[in-house]
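Protein chains: 2
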Amino acid sequence: MRGLGYQQYDAPILEEAELYIQKSGEELGNKQLYHFYDKGERHIALRPEMTPSLARMVAAKFGELKFPLKWFSIPNCFRYERPQKGRLREFWQLNVDVIGLPAGPIDLEFLYMITQLFAGFGAKPEQFQIKFNHRGVLDRWLQYQKLESYKSTIYAVLDDWYKTDEEVKTATLKEAGLSQSQITAVLKLNQDRTYQEIAYEFAELRLILVNLGTIFQDVQITFDPTIVRGLAYYTGLVFEAFDTNPNNSRALLGGGRYDDLLDLFGKQAPAIGLGWGDATMANFLDNWQLWPADLHSSAGVKVGLLPNSDQDLIKIYTEILPQLRANNQAFEIDYDYQRNLKKRYSSLKKRGCQEIIQF
Amino acid sequence: MRGLGYQQYDAPILEEAELYIQKSGEELGNKQLYHFYDKGERHIALRPEMTPSLARMVAAKFGELKFPLKWFSIPNCFRYERPQKGRLREFWQLNVDVIGLPAGPIDLEFLYMITQLFAGFGAKPEQFQIKFNHRGVLDRWLQYQKLESYKSTIYAVLDDWYKTDEEVKTATLKEAGLSQSQITAVLKLNQDRTYQEIAYEFAELRLILVNLGTIFQDVQITFDPTIVRGLAYYTGLVFEAFDTNPNNSRALLGGGRYDDLLDLFGKQAPAIGLGWGDATMANFLDNWQLWPADLHSSAGVKVGLLPNSDQDLIKIYTEILPQLRANNQAFEIDYDYQRNLKKRYSSLKKRGCQEIIQF
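So the protein sequences, as listed, match chains A and B. Here numbering that gives the first Met the number 0 is used: the first sequence runs in plain steps of one and ends on residue 358. Here numbering that gives the first Met the number 0 is used: the second sequence runs in plain steps of one and ends on residue 358.
Misleading hints may appear alongside valid ones.
Same chains, same names: a pair is fine if it fits in one copy or spans any two.
No more than 20 angstroms apart at the CA atoms, straight line, and that leaves these computed lysine to aspartate or glutamate pairs for EDC-like [unchecked claim]: (1) 349 - 138; (2) 84 - 262; (3) 187 - 138; (4) 38 - 48; (5) 65 - 258; (6) 314 - 166; (7) 38 - 89; (8) 162 - 309; (9) 348 - 63; (10) 38 - 15; (11) 38 - 17; (12) 168 - 223.
Note that these hints are calculated values from the structure, not bench results.
Working from the sequences, and respecting the hints, build out all of it.
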């Protein structure tokens, strides 16, 4: 992230529970919130997400900060729910936010940054896809179709778009009171020409749509009216990225523009951000064998050392280790002078020593 | 740590409170424990230290692990106490442990590793000092002096050795019932010849004492009978390291041998470990201006880009960024086409761009 011009920040794991109850919506802020009363009778929660802490901190130092902020963090977050594939009780999440730049070219830069992060893992264009949409377009289209009063039902149907078949969608929309022609309009949203026309009314979205092929080339990135990101606080561009391997169907990352981020704290600054969780990303790295090779091993060649006496040991510390350290080479010393040399040798080999020095 | 042959592990932030109430002693396991009952009525604590989690996990997988384990972790830990200089409610702590090697040359290697970690920060020998002692020596000496029954009082006096004057020490020891000659013996422990002689009875300690000058050269490392590390679980070598700047008097790190680490879980394996906290270390890095230069800045030269139109922007994304990314150079784009060019230029300069490309 530093190579993309971002600075790292951190925040406490514990916050007052109220921060999430007000801010994070029913699911995160209530059902899944890991909260309790501490020894001082304070109502405390383990953070279920990083954004409310970010908003609280930026609002508190609003006058002192140089905007725009381009910040990232890799916090662990907690959800009180049954663990399942791709969703764990404790997880780590890359958070990236730009605060203080209105909708515009930064929205395009954000999508570009995502492709660069995938490239950083060595991912190939056929292995992932990015889908984006725009809350403003969706809301104007609902208005145009006179469907504003059904907004929450339609958002819910779009949110589950690829998980439900047409029958279920139709039933849900019918139950909410939509007419047959309105239902048809929602079901055909993906091919709706008016929707595409409205999209071009938003300058930042037009910039992205017009230059998609030029800038992103072979990356699979598509404008998809069904991407809404739940009911939460987004105000403009929204996006998600997916593994193209169907065994890993949950979004790898999601985010968008949320210009009312700081409203709760009485401040105003436009913002765009994303969250990228570790659980689905770990599945992605498994699927395409993209784990960094040196993640669990030592730097460079690890040298094994087989002293047979304290005298050898002194030689190691005064002559050999200074050289190995100067080259930043890892080492491991077997201290078991009494044991069979062959066994000691093969034990060091098994522990990852590529070179072994004997005495 | 990887360069020193260690592997990284992680553990949960939450554990059952019982783990610490049993294991961590009065201060950590009771008064300072941040504990609560969760929604499932479980008695839970935020970890105040990493070692009990390590012991629990190693014991659980005891049969599958290849010993010796050489492991490290950098967890955040929590203490319910008033924040003060060098002690915060949430802090980060490097934990290093070797499990499965008995007292021997590994104890020397541990002290060597500490000097290497200081060297990694660019610290000079005059900026820090290491002090070590041995619980076995101390206990044998207490036996020799027939002072075993006063062990906890004497440990407490040694623990506060450099914080209290002779009068206070004398009063405490007198109150506990020591005779005048016994009090004198304790007060002169630092120069006690018998204590030095007992030290040579322990092979691993003898190895360290005999080779101190040869191996550690100009590092300030001294055998100091007053280092005890509280009443907690140590069984052999104990050590602490200090900033030589008197404004930062708390230990930077501490640790030692604790061969009964796994006893609580019904397993047996000798072990040696250390904890190195971030708060006093941050003071140390402040004192000697040793913060890594690139900690809060981007990698390499950061390039500022000043487009005046969407057309310039496309050029940036298709021609310039691919080159910058290939060189892993950080960039920042100013999107405010309308604003005065001079102001935009100086704003990018202020944001750390050493090179600026105009259109």
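Okay, the hints, checked on the actual structure:
1. 349 - 138: neither (61 angstroms within a copy, 39 angstroms between copies)
2. 84 - 262: Neither: 35 angstroms inside a chain and 35 angstroms across chains, both beyond 20 angstroms.
3. 187 - 138: For residue 187 and residue 138, the Cα distance is within 20 angstroms only inside one copy (16 angstroms; across copies 82 angstroms).
4. 38 - 48: Intra 24 angstroms, inter 19 angstroms, cutoff 20 angstroms: inter-copy only.
5. 65 - 258: within (18 angstroms within a copy, 53 angstroms between copies)
6. 314 - 166: neither (78 angstroms within a copy, 47 angstroms between copies)
7. 38 - 89: between (23 angstroms within a copy, 16 angstroms between copies)
8. 162 - 309: Close neither inside one copy (67 angstroms) nor across copies (38 angstroms); limit 20 angstroms.
9. 348 - 63: between (56 angstroms within a copy, 18 angstroms between copies)
10. 38 - 15: both (14 angstroms within a copy, 16 angstroms between copies)
11. 38 - 17: The answer is both: 17 angstroms in one copy and 16 angstroms across copies each meet 20 angstroms.
12. 168 - 223: Only inside one copy: residue 168 and residue 223 sit 17 angstroms apart there, 76 angstroms across copies, limit 20 angstroms.
The earlier numbered hints that this structure contradicts are 1, 2, 6, 8.
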